Amino acid sequence: MRTQQFIELFPILQGTSVNGKPLVYLDNAATSQRPQAVVDRMDEVNLHANANIHRAVHTLSAFATEAYEASRDAAVRFLNAESRQEIVFTQGTTSAINLVAYSFGQAFVHKGDRIIVGEAEHHSNMVPWQLLAQRTGAEVVYLHMGDDGLYDLSELDSLLTHSTKIVALAQASNVLGIVNPIKEMAYVCHAHNVPILVDGAQGVVHCKVDVQEMDCDFYAFSSHKMYGPTGVGVLYGKKKWLEQMPPFLSGGEMVGTVSLEGTSFAPLPQKFEAGTQNFANVAALATALELQSRILNDSELNAEFSQTVKWLCNALTSIDGLTLYGAPGDVPMEFKLPVFSFAVDGVHHEDLAVLLDKMGVAVRSGQMCAEPLMNHFGVTGMVRASLLPYNTMQEAEYFTVALKKAIKMLK
Amino acid sequence: MEQIGTVKDREQQVIEDFAVYDDWMDKYEYIIELGKSLEPYPEGKKTEDRLIKGCQSRVWLDARKEDGKIWFSADSDAIITKGIISLLIGIYSGASAEEILASDFSFVEKIGLSANLSPTRANGLVSMIETIRRMAAE
Chain A
1 MRTQQFIELF PILQGTSVNG KPLVYLDNAA TSQRPQAVVD RMDEVNLHAN
51 ANIHRAVHTL SAFATEAYEA SRDAAVRFLN AESRQEIVFT QGTTSAINLV
101 AYSFGQAFVH KGDRIIVGEA EHHSNMVPWQ LLAQRTGAEV VYLHMGDDGL
151 YDLSELDSLL THSTKIVALA QASNVLGIVN PIKEMAYVCH AHNVPILVDG
201 AQGVVHCKVD VQEMDCDFYA FSSHKMYGPT GVGVLYGKKK WLEQMPPFLS
251 GGEMVGTVSL EGTSFAPLPQ KFEAGTQNFA NVAALATALE LQSRILNDSE
301 LNAEFSQTVK WLCNALTSID GLTLYGAPGD VPMEFKLPVF SFAVDGVHHE
351 DLAVLLDKMG VAVRSGQMCA EPLMNHFGVT GMVRASLLPY NTMQEAEYFT
401 VALKKAIKML K
Chain B
412 MEQIGTVKDR EQQVIEDFAV YDDWMDKYEY IIELGKSLEP YPEGKKTEDR
462 LIKGCQSRVW LDARKEDGKI WFSADSDAII TKGIISLLIG IYSGASAEEI
512 LASDFSFVEK IGLSANLSPT RANGLVSMIE TIRRMAAE
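Chains as they are written, first to last, in this note's numbering: chain A, 1 to 411; chain B, 412 to 549.
It is possible that some hints are incorrect.
[What the hints assert, rightly or not] Pairs of lysine-lysine, BS3-like flavour, derived with a Cα cap of 25 Å:
{"#": "1", "chain 1": "A", "residue 1": "K21", "chain 2": "A", "residue 2": "K404"}
{"#": "2", "chain 1": "A", "residue 1": "K411", "chain 2": "B", "residue 2": "K457"}
{"#": "3", "chain 1": "A", "residue 1": "K21", "chain 2": "B", "residue 2": "K438"}
{"#": "4", "chain 1": "A", "residue 1": "K411", "chain 2": "B", "residue 2": "K419"}
{"#": "5", "chain 1": "A", "residue 1": "K405", "chain 2": "B", "residue 2": "K438"}
{"#": "6", "chain 1": "B", "residue 1": "K447", "chain 2": "A", "residue 2": "K405"}
{"#": "7", "chain 1": "A", "residue 1": "K411", "chain 2": "B", "residue 2": "K447"}
{"#": "8", "chain 1": "B", "residue 1": "K438", "chain 2": "A", "residue 2": "K404"}
{"#": "9", "chain 1": "A", "residue 1": "K21", "chain 2": "B", "residue 2": "K521"}
Because the hints were derived from the structure by calculation, they are not lab data.
Bear in mind the structure is a predicted one, so any value in this text is a computation, not a measurement.
If we strip away everything but chain A, and leave its shape as in the complex, we get (with noise of 0.2 Å):
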């Protein structure tokens, strides 16, 4: 399909406008936009199929499990796992990387261990590993990264020692978009019988993932940053470590029989589903996960965004005193995800992302909730462009206007 085309299933892209100005949407890499599709999934449970699921045997409550399980299947089909046991709902990455923390923590992490997680990670990446090195005495070794946003291989391999109970790495950076090669620092890992948890917030958005292929132990991602609804997020976990992982929140439909003299749990994937699970908004998953499959799939409109993208990244790079961190001069192109963090000589991010809104252009700026990596580059924030490919030519062109102009006010 064309652009255009893509567009018209966003109503919010159709005409909205900030501060008098047609609205610019560059913070994909935060949330996406949601299409009519995936909001009237939400509203047919919502307003027709609502009741709790799993535990009752009436109609509707069989109608709302129905649409909850389908996108299991879906979740499924879209990271082609081997089984729906694989596949536990959580209501984000940042929750999905917490329940392994705490649960393979609990069952494999001991006092003297060593956790390795990238410099470059996310807060949500890194932040559950050092509270569980801190409640059982283990370690985390960072793994650094170079300032082509690459994690080394080699380095990896050398700080995999016997104790190393997981590996915790972003498929891709939030702030610089690289790709790294996971299916290869996945072979490092197992090579020292070392399971790793890839972190696939904004890799998922733009890359196909298999995980058999890719043979991650854990994957996590988002559904809102995928044009998905806000709340819901997929923890795939290969069975063999689910199965040995103790549950995280424990309460209603995680159990299998409760007496007051304990408790067994219910068998995969509901030991860790506790409580009632935000159904309406798991079952419009799989509406963005059709989406996302058809969109991956699509050249015609990857061929059109690709091209923006391309513009927008030289338009960039030629801005006086303008430094882009995650530059794809460094790497092929094909490993660059369409997330620009720059910052401008002299300029105050923030004092950029205020005037591009007063512009109409929503950007993100700040530090990105990854404080170490600022620090690697020696700076207190940064400004982000992140696309998709609903972004068109014309927006990436006003959207350098915009910045010139405003780089221009502020020096």
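We have chain A already, so just place chain B on it with the hints.
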């Protein structure tokens, strides 16, 4: 430095200064100018305890009490924030604690800043005002 008039007079003056701008660009250019012309702030006073929390940019605010009046000085690494803090200092520096605590800071709304600033910026502005009030109350 002596202040002219009361806090209320100075608030009114700022409201009138802003009334001439109907274009956002002119308004922000004026704020940026204010930021650039803010009196230099000593590097030695850029300390953790003078840093205002709740802003995306860093803002340092220092207060000195003399003869029943409070004198503020401040700095920020972002120029728009610096312009806004310059407005606040222009009004509240040299006032008595009673005068500061009696102000409702509604001039911020009247010059269209609270609505015009991004949410994080608006929070930063709230934090700046709260800090000025807290320093006056101490």
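Consistency of the hints with the structure:
| no. | hint | in the structure |
| --- | --- | --- |
| 1 | A:K21 x A:K404 | holds, 17 Å |
| 2 | A:K411 x B:K457 | holds, 23 Å |
| 3 | A:K21 x B:K438 | holds, 17 Å |
| 4 | A:K411 x B:K419 | violated, 33 Å |
| 5 | A:K405 x B:K438 | holds, 15 Å |
| 6 | B:K447 x A:K405 | holds, 18 Å |
| 7 | A:K411 x B:K447 | holds, 10 Å |
| 8 | B:K438 x A:K404 | holds, 18 Å |
| 9 | A:K21 x B:K521 | holds, 23 Å |
Violation of the numbered hints given earlier is confined to hint 4; every other hint is satisfied by the structure.
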